[in-house]
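K.L.:
Listed here are the chains, written in short residue letters.
Number of protein chains: 2
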Amino acid sequence: MRKIAESTVRRLSLYLRFLEEFEEQGASTISSAALATRGGTTSAQVRKDLSFFGSFGKRGLGYEVPALKQQLREILGLDRRYRVVVVGAGKIGSALVQYGGFKDRGFDLVAIYDNDPAKIGKKWNGLSVRDAAQLEQDLKHERADIGAVVTSADAAQSVADRLVGCGVTAILNFAPVQLTVPEQVAVKTVNLVLELEALSYVLANR
Amino acid sequence: MRKIAESTVRRLSLYLRFLEEFEEQGASTISSAALATRGGTTSAQVRKDLSFFGSFGKRGLGYEVPALKQQLREILGLDRRYRVVVVGAGKIGSALVQYGGFKDRGFDLVAIYDNDPAKIGKKWNGLSVRDAAQLEQDLKHERADIGAVVTSADAAQSVADRLVGCGVTAILNFAPVQLTVPEQVAVKTVNLVLELEALSYVLANR
Numbered sequence: 001m002r003k004i005a006e007s008t009v010r011r012l013s014l015y016l017r018f019l020e021e022f023e024e025q026g027a028s029t030i031s032s033a034a035l036a037t038r039g040g041t042t043s044a045q046v047r048k049d050l051s052f053f054g055s056f057g058k059r060g061l062g063y064e065v066p067a068l069k070q071q072l073r074e075i076l077g078l079d080r081r082y083r084v085v086v087v088g089a090g091k092i093g094s095a096l097v098q099y100g101g102f103k104d105r106g107f108d109l110v111a112i113y114d115n116d117p118a119k120i121g122k123k124w125n126g127l128s129v130r131d132a133a134q135l136e137q138d139l140k141h142e143r144a145d146i147g148a149v150v151t152s153a154d155a156a157q158s159v160a161d162r163l164v165g166c167g168v169t170a171i172l173n174f175a176p177v178q179l180t181v182p183e184q185v186a187v188k189t190v191n192l193v194l195e196l197e198a199l200s201y202v203l204a205n206r
Numbered sequence: 207m208r209k210i211a212e213s214t215v216r217r218l219s220l221y222l223r224f225l226e227e228f229e230e231q232g233a234s235t236i237s238s239a240a241l242a243t244r245g246g247t248t249s250a251q252v253r254k255d256l257s258f259f260g261s262f263g264k265r266g267l268g269y270e271v272p273a274l275k276q277q278l279r280e281i282l283g284l285d286r287r288y289r290v291v292v293v294g295a296g297k298i299g300s301a302l303v304q305y306g307g308f309k310d311r312g313f314d315l316v317a318i319y320d321n322d323p324a325k326i327g328k329k330w331n332g333l334s335v336r337d338a339a340q341l342e343q344d345l346k347h348e349r350a351d352i353g354a355v356v357t358s359a360d361a362a363q364s365v366a367d368r369l370v371g372c373g374v375t376a377i378l379n380f381a382p383v384q385l386t387v388p389e390q391v392a393v394k395t396v397n398l399v400l401e402l403e404a405l406s407y408v409l410a411n412r
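Respectively, the protein sequence lines represent chains A and B. Okay, so the first sequence: first residue is 1 according to my numbering, each after it adds one. Okay, so the second sequence: first residue is 207 according to my numbering, each after it adds one.
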């Protein structure tokens, strides 16, 4: 794969968000300075980020919004759909299934699992909670691109191991634990409490 | 302030989570190996992380759970309460106000603001949505430690500027934009879509 720093990928996402808003407002060109503001960076960095992918603005005119938007979508892999399985049907798992923003961006939640008999069979947003024991069996027949780990911290590593064993190579982790995975597996962690504690640490130690 | 890498602070949060669970299960000592598993690291790294703060396990016995837990709480600044103001009363803002996990960890949501007349005055979880125009006036009298920016990407930077202008030095940003703030202000970003796109990038480019 192309070796691009995570911070660059994040800026590309931010530029894309901005281009989408900009297009909605009917604008057809955008300057590197405007993109820089949104990405928290400089015009020079924007030009460097984009020239790396072969996109060059026109001096005095800037970038064409639809063309750059389409190019960023391709680079970020957003021109296809991804199948997401969610493991853990607690509060966050349920919120994920009810969150409309996934589908809009090309991420289809195709199944949700839990091992709690009280939850198995419940229906959320048209998805029935499946028995987690079925995971391996199901993933033999139904491809999953991304596994969302929404279990307790205790269970998270073994769930991640099982997903990886099924061939899942991208994990979105909501549990407060640092998952250990093989090198070819990508993990992103989303955890509000960890971010809050990073802020309280800063507040308490200055 | 003590200069500690963000990755270390994150591991300390993970160790703390683990110690809390461990204590609930009635355990009184824990090994560096067990802490390492949860932190996705090695026993040597755990010993290094903790010795930095003057905490030393006993060979063959490990660390005392209640004492280490208390020490980590102090280091992370969790022995006091923090006042959080939320700016933006959309879907995520409303979810934040309704989320019980904040209070449990010492973060009190004290006010929520919006500039939409249709939202101002609505009550969520006992908090009335206030007019964002009042922000500066209110924060003169009511201390805020942390500002949560839950606005559109468009509005996020100016809201952050206003919070910083009011003396807020820690910002939790949910908007898909890289905020530019003075050096002494800490910002943590929580954004599910950015994390998903980082995964789709990886999946599309290998």
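No lab work stands behind these hints, which were simulated from the structure alone. Remember, predicted model here, so these are calculated numbers, not experimental data. Misleading hints may appear alongside valid ones.
[As the list claims (entries may be wrong)] Where chain A lies over chain B, by a calculated footprint (3+ residues, C-beta under 8 angstroms): (1) 308 to 317; (2) 332 to 343.
[Said to hold, decoys possible] A short list of chain B residues far from chain A (calculated; beta carbon distances all over 12 angstroms): (3) L267; (4) G268; (5) R368.
[Said to hold, decoys possible] Under 7 angstroms between C-beta atoms, here's a sample of chain A residues computed to sit facing chain B: (6) V9; (7) L14; (8) A27; (9) A36; (10) T42; (11) F107; (12) A118; (13) G121; (14) R143; (15) I146; (16) P176; (17) V190; (18) L192; (19) A204.
Every residue gets a Cβ at the ideal spot worked out from N, C-alpha and C, and that includes glycine.
K.L.:
Hints the structure violates: just list their numbers, smallest first.
P.N.:
2, 8, 9, 10, 12, 13, 14
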